[in-house]
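Taken in order, these protein sequences are the chains called A and B.
Quick note on numbering: this note's numbering labels position 151 of the first sequence as 151, and the sequence is numbered without any gaps.
Quick note on numbering: this note's numbering labels position 91 of the second sequence as 1091, and the sequence is numbered without any gaps.
So the derived list for chain B, only partly shown, Cβ under 10 Å to chain A, looks like this:
hint : residue
1    : 1019
2    : 1026
3    : 1092
4    : 1098
5    : 1113
6    : 1117
7    : 1118
8    : 1119
9    : 1120
10   : 1145
11   : 1148
12   : 1152
To list a few chain B residues with every Cβ distance to chain A over 12 Å, as calculated:
hint : residue
13   : 1055
14   : 1058
15   : 1064
16   : 1065
17   : 1067
18   : 1107
19   : 1131
20   : 1132
21   : 1155
Hints are computed from structural coordinates only; laboratory data are not their basis.
Cβ coordinates follow ideal geometry from the N, Cα and C atoms, glycine included.
Residue strings, one per chain:
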Amino acid sequence: MRDDLTGLGLDLTRLGSAIAYPPTPELAARVRARITRTRVTAPAKPGTWSLAGTALAAIVVLLAVIVGIAAPARDAVADLFDRIDIFTTDEVPENLPTDTRQEISLKEVEQRLGWRIPLPTSPDGSIMAPTKVLYQGFPPTRARAVALSFTTGGGVPYVILATDAGLGKGLGPGASAEPVPGLGAGEAYWLEGLRIVQIYDTDGNFIRESQRRTESNTLAWIQNDLVFRLEGDLSRNDALEIARSMK
Amino acid sequence: MRRYQEPAFRAAYLVLRDAPEAEDAAQDAFVKAFGALHRLRAGSMRPWLLKIVMNESLNRLKSRRRRAATAERAAATSGPTVWSLDDTVISREQAEQLRRAVDALKEQERTLIYLRFFLTLSEQELAQYFKCAPGTVKSRLSRALAKLREVVVRDYPGLTLGGVR
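Pulled out of the complex, with its shape left as it was, chain B reads as follows:
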């Protein structure tokens, strides 16, 4: 299990952006995975487990938002909403803008980007995750990137990274 705990925790952290809650989500996901092992028939453990982690994390995120809305509290009170960023790889400003652009995507597009680019799942693993053909993964990814490019061009025209000029 230890080989999966880092990707599981990181996946939860990407969605929840709060370490203690990500830890709880990852733990719950592992417990649920145990109960659902009979459904793991073939393929790799990683995408199967990450799907459970992502679902658990997204459900928690929705609950958090509902609680915040019910209490009529500002979203800021419902926990941190950004990741910490290391500016040695990419400038902080560029990273922040790109992060905001990713946040503007639909949940499924965002999840696909997390899985492919942040958690580095392979094409085969993504196909297993989404239960679709590898070709479908390619087209979904292509659409998600096109959508992201639109958001960047429209909302962050000053962002001049390798792929968005």
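Isolated chain A, as found in the complex:
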């Protein structure tokens, strides 16, 4: 296609470069929300947003079955439904909203959420109990988040955070995000460096009250239709081992 890249083709390329496109709007989460709304026929009960998420997961699974688990379609499903949004940002602000998380018991948080939170297991196979449980809702949205604190056998503290909403990770200068294949149900990333963490509502808007700033090494993945992140001063292998032990 030599001719089209010289002469008139080059002029057209210049014209294309000269078009001042408006900023691209955020579409991903809005599209996901629209599909969820149109496909879920039963009305969701108040406070049970996880039903919508479960329904969406069911749609995705059903679609994967319909398409015969063809690799291109399976990849496409994953492409269209990213729950973990990785983006870059020039600045990670310091004056983020005050932490309003509330400390409650594990039993109480599971009652509020309506789902059981998978917990890591120790090398002897026993389920580990968190040393602290923090809960945060983001009214009027239905997004909720929970943070569970643990300590490794070597005394390194770490936190497992879960949400039934979408998760955004804004990479500051120098921060990185590497895909982690084979962990959980689809997207998984290993993140390092200074970042913003934020949660999205069902319309795809980020929830300002959810924004946090973190520099901790983080493993983010999807499991049981929830978005998890494991934060702490851990190596990637240690974090993966903990994530894979969660039951």
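Put chain B on the given structure of chain A with help from the hints.
Leaving out everything else, chain B in the frame of chain A:
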């Protein structure tokens, strides 16, 4: 999906030239793409998705024109009809003339030019988009450029760009 939202939105904007309508078209296209994923058998996601976006945008453009015609309103009332242009790459006057020349082409020729030169689809991607052999893409592109050159020479003789002297 985020890797496709910019080309999808831009494709819709090229056709509709109105940001809110382009956003709606791109959203609708993604929803339709979800429903049609079972038809994506092989190849790249980008041309497949862009075809859905272009079809959605062209349908919206036709509806807009029908509405304008029914109401006997001037085309000017049916929304913006030009893109904003940055004159750092090419002079504004030259860009405007070339844009008008592209607008004078048939829809399929115009679409091919948008895809190849503005959205930078590769030969392989264009072949997937048009469901034809790469050789057919080359000949279609060659014809579209020849047609564009004719329009420029006839209607914009003062346009002196690299390929049209």
